[in-house]
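Colleague: Following the hints, put chains B, C and D in place on chain A, whose structure we already have.
There are 4 protein chains.
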Amino acid sequence: LLSRRGEASGMALAQEIFSRWDLMNEDERIAFLATMVDRFPPDQAVLEPAITAAQAPPTPANLSALHLASEAKRQEIIRRLNHAPDGTRRLVRMRETLLAARKTNPALDVLDSDFFHLFASWFNRGFLHLKRIDWTIPANILEKIIRYEAVHEINDWDELRRRIEPPDRRLFAFFHPQMPDEPLIFVEVALTDRVPAHILPMLAADRPIIGPTDAKVAVFYSISNCQNGLAGISFGNFLIKQVVEDLRSELLGLRTFVTLSPIPGFAGWLSKQRGLEDSTTALSRDERQLLSLLDEQGWALDGKVAARLTPVLEALAARYLVTAKDKRGRPLDPVARFHLGNGARLEQLNMLGDPTPKGLAQSHGMMVNYLYDIGQIEKNHEAYAESGRIAASGAVRKKVRPV
Amino acid sequence: LLSRRGEASGMALAQEIFSRWDLMNEDERIAFLATMVDRFPPDQAVLEPAITAAQAPPTPANLSALHLASEAKRQEIIRRLNHAPDGTRRLVRMRETLLAARKTNPALDVLDSDFFHLFASWFNRGFLHLKRIDWTIPANILEKIIRYEAVHEINDWDELRRRIEPPDRRLFAFFHPQMPDEPLIFVEVALTDRVPAHILPMLAADRPIIGPTDAKVAVFYSISNCQNGLAGISFGNFLIKQVVEDLRSELLGLRTFVTLSPIPGFAGWLSKQRGLEDSTTALSRDERQLLSLLDEQGWALDGKVAARLTPVLEALAARYLVTAKDKRGRPLDPVARFHLGNGARLEQLNMLGDPTPKGLAQSHGMMVNYLYDIGQIEKNHEAYAESGRIAASGAVRKKVRPV
Amino acid sequence: LLSRRGEASGMALAQEIFSRWDLMNEDERIAFLATMVDRFPPDQAVLEPAITAAQAPPTPANLSALHLASEAKRQEIIRRLNHAPDGTRRLVRMRETLLAARKTNPALDVLDSDFFHLFASWFNRGFLHLKRIDWTIPANILEKIIRYEAVHEINDWDELRRRIEPPDRRLFAFFHPQMPDEPLIFVEVALTDRVPAHILPMLAADRPIIGPTDAKVAVFYSISNCQNGLAGISFGNFLIKQVVEDLRSELLGLRTFVTLSPIPGFAGWLSKQRGLEDSTTALSRDERQLLSLLDEQGWALDGKVAARLTPVLEALAARYLVTAKDKRGRPLDPVARFHLGNGARLEQLNMLGDPTPKGLAQSHGMMVNYLYDIGQIEKNHEAYAESGRIAASGAVRKKVRPV
Amino acid sequence: LLSRRGEASGMALAQEIFSRWDLMNEDERIAFLATMVDRFPPDQAVLEPAITAAQAPPTPANLSALHLASEAKRQEIIRRLNHAPDGTRRLVRMRETLLAARKTNPALDVLDSDFFHLFASWFNRGFLHLKRIDWTIPANILEKIIRYEAVHEINDWDELRRRIEPPDRRLFAFFHPQMPDEPLIFVEVALTDRVPAHILPMLAADRPIIGPTDAKVAVFYSISNCQNGLAGISFGNFLIKQVVEDLRSELLGLRTFVTLSPIPGFAGWLSKQRGLEDSTTALSRDERQLLSLLDEQGWALDGKVAARLTPVLEALAARYLVTAKDKRGRPLDPVARFHLGNGARLEQLNMLGDPTPKGLAQSHGMMVNYLYDIGQIEKNHEAYAESGRIAASGAVRKKVRPV
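Line order of the protein sequences matches chains A, B, C and D.
The numbering of the first sequence is my numbering, which starts it at 3 and goes up by one.
The numbering of the second sequence is my numbering, which starts it at 3 and goes up by one.
The numbering of the third sequence is my numbering, which starts it at 3 and goes up by one.
The numbering of the fourth sequence is my numbering, which starts it at 3 and goes up by one.
Okay, chain A solo, but in the shape it has when bound (with noise of 0.2 angstroms):
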């Protein structure tokens, strides 16, 4: 593909390695890639002189020579393979195979980085399009909006109808003009009279619809990433400030952008501090005490359990979300960290917003809310990006403290 005759037909002998890729098995597709990182590294030759004239004194000529010598030829073995029909989604599959290999492969962690810079590159959001999903949108893309769904399962065409066709649901996905029937991510929105503290009133059949013009709320209540092989390019900041301001423009009368958000470290970490030492945990000791009532079979059918642990669940979801780090000093859990580096501030808890098998599971049922407030997005997100602050509402930040 990089030589002579990779100039000359290239379209054709990209074709012809993917045709061959499509037949290879898992092996042999882990030895392709693991032949890209050994036979295409940088030109050593044109390299070296680059290092070292970048060393005295570095202009910004040398430089920018030393960058372009040390560009893999990796990347050119890419950019070639994108002209074949269907070029993009196919690297896209490639890179799922490679980010699978990887793990076992460390090797190809090279490849990745070419991959990844690559593909920031092809998918700007400048070349991304917002595409309202609606009932009139044809059936190939809706069926993949069935499958991509990762927060709220849709488990047939009636359901999924139930969240795109009512006058009271948005559902918004990016697209590629490449790509045009594969959703990159997609966003699902309820217009509501009020910020929902429970999932499943929501989304019930049967619920009260309210016109849009009547709508106060925008409800944020899922956003799934469609492709596994753009893992890293980030669209969700980018989608939701873009729907944020397609739906103010559309409905007057929204006045409060705000998510109903999984907890999903939840109860990980707190099963965690629950087997900590008294002196590391984060928990005091009444608090665990209480906790106990979370191990009985059926306590969220319960109404008086229930009420007992409402405080104690609370204080310590505010704990977590605003106070627990992972090693790079973020929020631990990764909606929370999604959501407050985009510059939303925590809004409010929910006690067993999500009383599904699968809300317990994550965090005993919590959810929680994100508030998208237009005047203070950048505002908070300037303290967070620079400080690490976490905004979060008076009514959560009390709840931080023991109860």
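Each pair may be met inside one copy or between any two copies, as identical chains are not told apart.
Cross-link-like lysine-lysine pairs, in silico, DSS-like; alpha carbons within 30 angstroms at most: (1) K146 x K360; (2) K146 x K133; (3) K75 x K329; (4) K381 x K75; (5) K400 x K274; (6) K327 x K274; (7) K381 x K133; (8) K360 x K400; (9) K400 x K327.
FYI, nobody ran anything at the bench for these hints, they're computed from the structure.
Model, not experiment: these values are computed from the prediction.
Modeller: Below, chains B, C and D alone, put in the same frame as chain A:
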């Protein structure tokens, strides 16, 4: 744009920067571009250790890290400017200014290198769409065809129509999805029953028109790049090959794919040769003598004079195309460089193929056909690229010798 | 609507009338329709002299005048209602109500005649678009295919997908430009390598799928009218012929165009024949005796019984299709009437072609292939239309005789 | 076409008839049309009893039967011709020929009545689409705008562009779905800040251009019917009302909808009046005397003369528009008839509003504004339609009196 604020409100900010750019005068724009060079170099704190690490020993991982570390922050700026509405087109326009400014500001070269790098990635052939331009195309696109035609000028809408509407004419252009009404490059094709030697009869309004299914030859008689801001990004090779492929499958009677091309550098080269000493010129004494006929006003209208000049001018044109080289050893003539580099063959010289003032001025009216022979393209390209060998027909090859 | 105000503000007024209609109950709607009959007859003051004039002597001019004068103002009302947004679809819905109401209100017949007259003009085949329905079609259209399928029920989206996505399946529908998401009629096609005798293997999910270019036979196995409000406007003839033409030019390997059709009136006719006196029935005594096997529960599952019944049921089905006529002398079976009227030929009888409860109930499981032989359609149609002669293969013709 | 063969192979047959038509000369075409009249009258065998039945007594049912029976078979022929590819457009072209031939062949009148009847049904306003024509519209449609403009000629593509591209200009056309690149009628609109009195400054290339949101007045300055073959089918009324409605909801600042119209019959009427005896002319003696100034070459360029003529010409134009009637009692001026019939009001006379040779020739340069006042349209239309009353402003009304 790179700051925290840039992350939170990138689209609005990019839009704002372009709005300011639109209001700047020439000097302010150059100052703006210079600021990009100065303020957004690679991060020295990351780059230095990366250079050190890449030296002993260079592993794929640390070379990959070096590549990332040596990328100037300018590239990220350009990527974020692309988020603005119509950002891609505006960046292409910005590079037009940059290319002009570079000539007197070599410090801007590195910035152009960044633009070039990103544009080469964004305008990857895999993202381009080939579109036939005919009389059903929107006027705002057609007017650009009129404006961008660089070989045989289109004077008005009637002339445009004659190039795109008759059944024996085709015009194809590449488009990028983000600039749907801006052709990037286009080629004009005439369907004929033989390889043409003269341009004027082929463009004449009252020529006989043949049905496409009767056509045996497809003549590429004009190729124009449309976007100065994309200078250096090569589309022509892909365009011609795609058009050959599409026409072949549409019109089964087509046997021959050939250009009718100008020789833009011939007259200049010849004039220089005539001014040189005998010992260094490429001309024989007899040739020199005969060429003095060119100095008479209106020689091209005098059949006898033209007949005397024919052998010598054809010999010299052949010699020019086959033997005259630039500093890098490539054909001196830019059109020859393009087609020969694509794998075409120098096929036939056409004395007074273009007797217009422009044709006489640039090549004493001489034109040339380059042949795209599907079965030979790859081989020709390889020979050209590896050893600089130029593919030429026997007839042309014979003419290289002195008269 | 016919008043001055109607002329000035017709669109708004038509819209208003439909809005009121939407709020009316059944009785009010019938009253509304009755009012149209009563209040908007032809203009008697114009009609009377026109009748007089047309009598002695009738000239083209006075007959033309008579035609105009005898048009009821109802038609102009309907034309103006069509000005409303979505007016055409709403008029089609209105005629649904009218058709139901006619049964008990013969006074409404003349109004239906007006609707029919206008719809026949508006839904002229020249205005209809043929569209292939596949898996890339919007869901709101696909759900109508599920709903309107009247021959072999589609139970869910997976089954729909099996009818439109595999390479050996086609579904084509006619659309009117004013009702772009409402199919008018559709036909389902299976591409096979031989003329099929049984419906279930052909619809099976796990059947072998052949590539379209290997197909030799196109089987029309289901044709469904979609709009009750367009009853009497005949699209099927045009649809089949267009699909035959399109498939022939797309798939050059196709040799045979054939249906696999139900015989909906067979069981009813047979039951009636069995109840008649010997002297008037179409059955022989032997046949009657054998037919008593049909009265045993589950006979179709018993191979031996089915084998004994085969000759007699095939003979009787042939006799029914070829000789049983309605009052107007046309084939009694509605499906036979449709295909034979189109110029198709009765080709082959298929014992237990449809062993489902529905198939057994309507025709004791018998199915039939009608053959669309391009070279014979016109001749068949002419013989049918002029002398009622039914085109049938030799094999079928032989079976008409008593066993 | 009406035969058995027509039913079986109608589309191909219709196509064949059109192909023959294309090859016929004028005389052959007229003969063809005459044949349609002669050979396809109503079916006398059905019609005669229908007439008898309809006489004593006439019931809705037998009147409906009479209407059907009196329809000439010609209409069915036309309906079947519409099945041909591009049939509708070809029928419209056929009627162009018919309309020309009628003038010398009154026997063709009944055929035109059939065409008219069907076209009125097929081109029902409910089937028409309003489309804004701007610079992004395909060239093959734009060239038709140039060709069909009948009021203020468009000389070339630059002038066309000035009518459709600036932000203060609009052009809207009606299209039929079966003729998607053929405008049926179009209106040109200028957005201004006041009611204009002169056409040339409004069309000037260097006029000041106002932003659409600053516009207070929408001026309909040119309305052109495009299809001669649709003569008599009225679209203008619907077009203007739809455009008023659309502009009102797009541009909230618009307060006034007004035309700037020619008075095509004024000069002819005036010339006739001047030739009449004193006793029968509509002119006073003083007026006659003053009007002799018109006979001087170049009077319009002489400010003093024009000033002297202003009161008398305005008075006479007002008198012409308000009082001159055709045989059916309608306004004599066709443009006045159109706008007043739509419910507009005669608003303002504009001396030398159109000083071009065409303007001077048809109305001595006089122009007029008709006002479309949303709140009054219905009332005006009703008064006009019922009692022939013409809506006119006080200013115009005053001018009707002799100077």
